[in-house]
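A.B. asks: Protein chains in written order, with the numbering used here: chain A, 1 to 284; chain B, 1 to 404.
Derived by calculation from the structure, the hints in this document are not laboratory data. Every residue gets a Cβ at the ideal spot worked out from N, C-alpha and C, and that includes glycine. Any given hint could turn out to be false.
Claimed, not checked - Covered stretches of chain B (in silico footprint by chain A; criterion: 3 or more residues with CB under 8 Å from a CB of chain A, positions within the stretch not fixed): (1) 38-50; (2) 211-224; (3) 234-245; (4) 250-262; (5) 268-275.
What the hints assert, rightly or not - Some residues of chain A that are not near chain B, with every Cβ distance over 10 Å (derived): (6) 101; (7) 133; (8) 160; (9) 273; (10) 275.
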Amino acid sequence: MLEILIHGAVSSAIYAMLAVGFTLIFGVARVLNLAHGSFYALGAYGAYVLTTQLKVPLFPAALLAVALVALFGVVVERVLVRPMRGSQLAVLMITLAVALVVEQALFLTFGSEYRNVPAFVDEKFTIGGVDVGGQRLLALGVGAASVGTLWLFIQRTRLGSAILAISQDPVAAGYMGIPSDRIFSIVMAISAGLAAAAGVLAGPFLSVQPTMWLLPIVKAFAIVVVGGLGSIPGSILAAMMLGYAETIVGYLISTSWTEIVSVFATLLMLVVRPAGFFGRRAAF
Amino acid sequence: MKRMAVLATAVGVIGIWASPGAAQQAKPIRIGVPTAMQLQVGRDTQDALKIAIDEVNAKGGVLGRRLEMVVADETENPETGISAIKKLTADDKVDVLIGGYTSGVTLAQLPHISTAKTIYLGVGAASPSITAKVKQDYDNYKYIFRVGPLNAAHQARQVTTFISGFVKGELGFGKIAIVGENAKWVQDLVPLLKKGATEAGADVRVTEFFDTQTSDFSPLFAKVKDSGAQYMVVILSHASSDVFAKQWYDSRFPMPYGGIDVKSMDGDFCDRVGGKSVGEMAANFAVRAPLTPKTVPFFDEFKKRTGRSPVYTAFGAYDAVHIYAEAVTRAKTIEAGAVIKELEKTSYVGIPGMIEFDDMHDVKAGGKGPSLLFAQWQDKCERQVVFPKELRTADFVSPAWLKK
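Pulled out of the complex, with its shape left as it was, chain A reads as follows (with noise of 0.2 Å):
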């Protein structure tokens, strides 16, 4: 019981940062971002390149990693994005485009074998009577005072507030002289790091290999349709009810059932609520 509550935390905070992510950029920007589960793969693969590679210490490595992909999501929204903003369809080609090269060109330089990214804390703690490593009480950690941080800096800044206004109404957040075109780039700055630093904190514990982008972005999507797409707290719900579902299918039934509750989930919401438990077009 307690396996599946501390387990099921972890996923759920890995969860948390990739869906948060992935619906902030649509909230604020109405892109469908397919590239999201690249974000989280090349931030595995800098800081396993960056620690092994270049020899820099972990922690450094890990916040450069997390640097370098958010310019990396500021470049591709800035070069490939924006152009294409008049069309959705055209968005979600592009994006499904960038993670499809980065994939390639990650088995290019990489090859298929598994990575290793070190992990922060070796040691194991016992929590009452589980066993659990320290890397994934880390990435709990992390994620959940990531997102926290989020959250607030949307409420209580300026900036937040701008980001707000822009995925209310873009046109008269316009008129009040907000210049949607910045927020865009830091909004996916923000969503691309917050991808990135769930694989730094994840890659430790699961496995790092050029196709590690799609099982997220399934997932994410599957978050965000539950949880309403553009709801920050609608995705931290419904990455915790996914989290702990695929805990408890895993400990209960079996691990090969997984990865079905999330395909699962997304059916069933859009059979029965299309918009999601906080979905509305507009703001968060």
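Following the hints, put chain B in place on chain A, whose structure we already have.
C.D. replies: Just chain B now, kept in the frame of chain A:
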């Protein structure tokens, strides 16, 4: 005038026919290599083939013809595997196929190999179903041979010996858990293993299969821990052995593990996981020890050329080339039917042992044939053979957190 022309043509033809240069232009014998190019098993297959081909060519080739190879990526996907076979047989028109890794892929390729009437020497896939077809339908499937590895049934028997002789016999762990990936060869192997282990007196507390794509083993570990087992026997090939080892270490799992772990056969596996597999025991088909007169020279040559230690497909690939070359030489033709008759009579001293085929064209185990050696990753990622006792190079070392 006309007579002169006819005479000149006749002289020209006789001249070309008799010139020694003509014999050396003989078409090379083409070896098609369907393998998982992106993985270590695929890379080592190719490198080992190159070594063997160079050796054969240095001695004048086979029937005066050089050997050359053409590679096609079969990945781990049956669809791609079938395309690879079609490319090799129809486009590249190879004379023989040497390769393979995933049993599911090989099974899908069999009908196409049969249609192409090309001899296939398997070096990587372990499912007995592959060679079973030879007996069921000889005329269509006589082209299929397995040079390596030992099929899953033989491996099950050898892992059973490992469990009874070592895990229970020496370490004293009577309660075991059997954990395997959900792949064809494992589905063939585990029931035999469970039966054999139970008959040998071990108490199999839990048997679990998991999806090959699994990246989070905590639910699985929880089940194994709760079962009361003292040792975790694993059967892994395609699954994420790297992640498995890391998670086993991270949670300081309260029991050692070992068994068949193909990725752990890689020389750099332990380094790849940051040393977290120290304590794992994995089966190997050969190590750098004089199992036969060919073993050590091959390991050294392979290391010299590639800087790596070879994995199991390399042994099969190297031996397959020589076995084929000798069979063709005895048959004095490369026509498939005649070569197959000679291949069936093979008795060749290979790298892991003596290679002979049974009535299903499957490499025989036992006696002088190949057998599984169990090596443990020890301090500083050094690999030591721990079982069987006759080949032991170091004693078993408990994982650090389990030392009393």
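A.B. asks: Does each hint hold? Answer for all of them.
C.D. replies: Cross-check of the supplied hints:
1. 38-50: holds (count 3)
2. 211-224: With 11 residues closer than 8 Å to chain A, the segment 211-224 of chain B meets the three-residue bar; holds.
3. 234-245: holds (count 3)
4. 250-262: holds (count 5)
5. 268-275: This one holds; 3 residues, not fewer than the three required, reach chain A with a Cβ under 8 Å.
6. 101: Label holds. Min Cβ-Cβ 18 Å, cutoff 10 Å.
7. 133: violated (3 Å)
8. 160: For residue 160 (chain A), whose nearest Cβ neighbour in chain B is about 34 Å away, the distance exceeds 10 Å, so it holds.
9. 273: At about 29 Å from chain B, residue 273 (chain A) clears the 10 Å cut-off, so the statement holds.
10. 275: holds (31 Å)
The structure shown violates just one earlier hint, number 7.
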